[in-house]
Amino acid sequence: MNEQEFFQNIARRLGREFPTNANAAAAAPARTIVGAPDFWQAHQWNHQERLEKFAAELARLGGSAQVYETLSALHEGLAALLLELSPSLIGVWGGEFIAKMQLQDVLRPFAVIECVEQPGMIEQFAHIDVGITGCDFAIADTGTVVLLAAVGQGRLVSLLPTVHIVVMKASQIRTRMGEVWSDIELRSLDPAHLPSTMIFISGPSRSSDIENDLTIGVHGPAAVYALIWDDGKS
Amino acid sequence: MSAGAKDKTSVIERSHAALQDDFLRAAVRFTTDRLKDRKHGATEELGRWEEWREQGREIRAHTVSHLDYYLRQFVDNARCAGAEIHFAADAQEASAAVLGIVHEKQAQLVAKSKSMVSEEIHINRRLEEQNVRVVETDLGEYIIQLANEMPSHIIIPAIHKTREQIKDLFTRDGGQNLGTDTKALVAFARRKLRETFLTADIGMTGCNFGIAESGSVVLFTNEGNADMVSALPKTHIVVMGMERVLPTFADLEVMANLLPRSATGQKVITYMSVITGPRRAQERCGPEELHVVILDNGRSSQLGDAEFQDVLNCIRCGACLNVCPVYRHIGGHAYGSVYPGPIGAVLTPLLLQGEEFVDLPSASSLCGACYEACPVKIPLDDMLVALRRRAAESQRTKRGERAAWRSYAIAFAKPGRYRLVTRMARLAQTPLVHDGYIESTWGPLMGWTSSRHAPALAPESFRDRFLRMKQDVRTIKSDPQ
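Chains as they are written, first to last, in this note's numbering: chain A, 1 to 234; chain B, 1 to 481.
To be clear, the hints were calculated from the coordinates, so they are not data collected in a lab. Wrong hints could be hidden among the right ones.
[Unchecked claim] Mimicking DSS-like on lysine-lysine, the simulated pairs with C-alpha atoms at most 27 Å apart in a straight line are: (1) 53(A) / 169(A); (2) 53(A) / 377(B); (3) 267(B) / 169(A).
[As the list claims (entries may be wrong)] Here are the in silico distance ranges between beta carbons for each label pair: (4) 398(B) / 32(A): 55 to 63 Å; (5) 13(B) / 44(A): 54 to 62 Å; (6) 163(B) / 15(A): 48 to 56 Å; (7) 8(A) / 372(B): 36 to 44 Å; (8) 448(B) / 44(A): 52 to 60 Å; (9) 23(A) / 413(B): 58 to 66 Å; (10) 108(A) / 96(B): 54 to 62 Å; (11) 395(B) / 15(A): 51 to 59 Å; (12) 192(A) / 183(B): 54 to 62 Å.
Quick reminder that beta carbons are idealized off the backbone N, C-alpha and C, glycines included.
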């Protein structure tokens with residue numbers, strides 16, 4: 001159907017002669033109620049509460065969170081976890097990620113591919129057992145990690161492996177989802193500058209489609225580990 | 001895919017068939033009980049649920065009443081992010097738009113993530129007619145696609161299948177030495193569908209919400225299949241109902257709290273993906289092209305209709321199914337429509353005007369449990385009554401039913417007539433009454449009395465008794481001592 005007719009029809013049904021012009025700021029419908037209820041927006045946890053709540057919620061979902069006082073303690077934790085998993089191939093976020101989190105030494109004993117934007121990347125990553133990513137935000141209320149797509153931070157690192165490991169900082173944890181949106185809005189809401197995908201992951205992939213029997217790891221990862229460096233900033 | 005059980009049968013006839021199926025009834029009851037109880041737990045835990053519901057209602061009602069503005073904003077922003085938008089007045093146009101893209105890409109394999117709106121346009125059938133393979137990737141949808149059936153529940157499509165049946169379906173699909181253990185069955189589906197994700201030419205999804213302020217498409221899944229389908233193939237097609245818009249990301253926080261709790265009693269959905277345009281120039285993950293097909297298909301006819309506009313507020317959680325005493329007995333297929341349960345009984349006759357589904361609003365007890373369960377407070381029970389009224393006004397009811405109501409109107413219009421009729425009825429019931437109850441497999445009330453007791457008319461009517469009592473009172477008054 002013709003676009004103009006499509007909108008004209010909607011406007012007519014709503015009793016308007018012409019569709020409201022979405023480009024004119026003055027035409028924006030007045031709203032008194034936006035987003036979550038006020039009591040929810042006012043709700044705030046402190047740094048420690050957020051950290052504890054995030055770990056507890058992720059555990060409830062069948063994931064696991066471990067908090068480390070220092071970055072080197074986190075490295076030891078990651079090394080132990082990888083030793084236990086003994087993956088034949090690890091996929092890792094590209095770009096600055098490995099350097100920023102100083103993961104070079106921990107990853108050295110393993111076969112590792114970095115997410116570098118190049119043809120054939122998907123086929124390569126189809127065989128990874130473990131995917132290691134950072135995150136941009138986390139949400140304490142629901143045990144969620146938020147990953148924004150960017151160059152070197154493709155969706156496939158957290159999606160294709162059997163095990164997803166998130167290496168993150170405690171300061172990235174927000175109380176509730178609304179704060180994540182406020183932060184993203186501060187950066188830019190321009191559609192051309194928003195990440196192509198923003199993924200909110202809460203625990204391992206799950207399904208109850210066979211006789212209501214809950215199973216983990218249907219399409220996405222069967223295990224999610226969050227290794228959190230408590231960097232103390234709140 | 002089969003069009004389901006509906007073949008000029010009535011909802012009553014289809015219900016009879018469903019009621020014979022003991023496994024179906026047990027499975028539906030078990031699942032809906034569980035979903036209902038979990039929802040109760042999840043809303044209790046959140047607290048102030050009524051305030052959340054009111055917030056959800058307000059946001060959806062505001063958006064729908066300014067749909068021209070918000071949909072325009074969504075479309076402009078989605079284009080700005082690089083998406084291509086198609087407009088479809090009906091199912092025919094929507095499938096034509098999808099087929100156009102499929103042909104242009106010379107696609108052989110389409111991987112699909114669960115979407116009610118794609119069921120609505122019967123896209124699988126259209127694609128198969130063109131020899132394009134289409135694979136459902138939600139585990140439940142995959143199962144019913146193998147069985148060549150329609151979903152029987154909005155959220156849990158294969159609610160009616162046993163694990164033995166699933167094992168047999170998977171074995172036919174190439175599974176070897178499969179047991180009936182859930183883990184083994186899921187592992188088979190994971191392997192099989194992984195191939196599909198990696199080789200599909202096109203990924204197709206629905207759209208849980210479109211965000212007007214950014215032109216983003218938001219998808220909710222627990223399995224991660226929508227992510228696979230939207231991230232791996234070269235082309236991603238989104239089919240979205242035109243009313244699926246929210247003004248801002250802030251509003252999405254409310255829906256992210258309402259939807260999973262109402263659908264399955266989960267506090268949070270496992271994967272919420274917010275997609276804004278296709279992959280960026282330097283990226284290699286994600287589709288090269290993103291197409292959004294925006295579907296009307298009878299939705300715009302509800303706009304401006306004071307009785308039914310609110311039906312467009314629906315967020316497709318299925319909570320009304322789980323509490324509906326009718327759905328809980330007959331299951332989804334007996335409705336014969338894509339959308340079952342109370343929302344289906346309202347939405348189907350509204351979207352598909354005509355004779356076919358005019359009896360669906362009668363598949364309800366008008367108890368109002370659906371309204372109580374609805375996270376955005378759609379008055380479904382009022383709508384069911386209004387639809388029945390419309391059916392009666394347009395003479396679409398059965399001749400016998402119309403005659404019965406006409407007689408009722410005549411009999412109840414004057415006290416004298418009413419008395420005459422009840423007296424006659426009291427006489428007529430005599431041969432059927434045993435111990436104050438009517439039990440009978442014949443007569444005008446057999447629909448009720450052949451399986452249940454109906455109370456008989458009292459030997460003396462209240463009016464007769466009242467006259468007698470008034471006389472007694474007068475006698476006492478005139479003779480106080």
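A quick look at each hint next to the structure:
no. : hint                        : result
1   : 53(A) / 169(A)              : holds (15 Å)
2   : 53(A) / 377(B)              : violated (31 Å)
3   : 267(B) / 169(A)             : holds (24 Å)
4   : 398(B) / 32(A): 55 to 63 Å  : violated (48 Å)
5   : 13(B) / 44(A): 54 to 62 Å   : holds (58 Å)
6   : 163(B) / 15(A): 48 to 56 Å  : holds (53 Å)
7   : 8(A) / 372(B): 36 to 44 Å   : holds (38 Å)
8   : 448(B) / 44(A): 52 to 60 Å  : holds (59 Å)
9   : 23(A) / 413(B): 58 to 66 Å  : holds (60 Å)
10  : 108(A) / 96(B): 54 to 62 Å  : holds (55 Å)
11  : 395(B) / 15(A): 51 to 59 Å  : violated (29 Å)
12  : 192(A) / 183(B): 54 to 62 Å : violated (44 Å)
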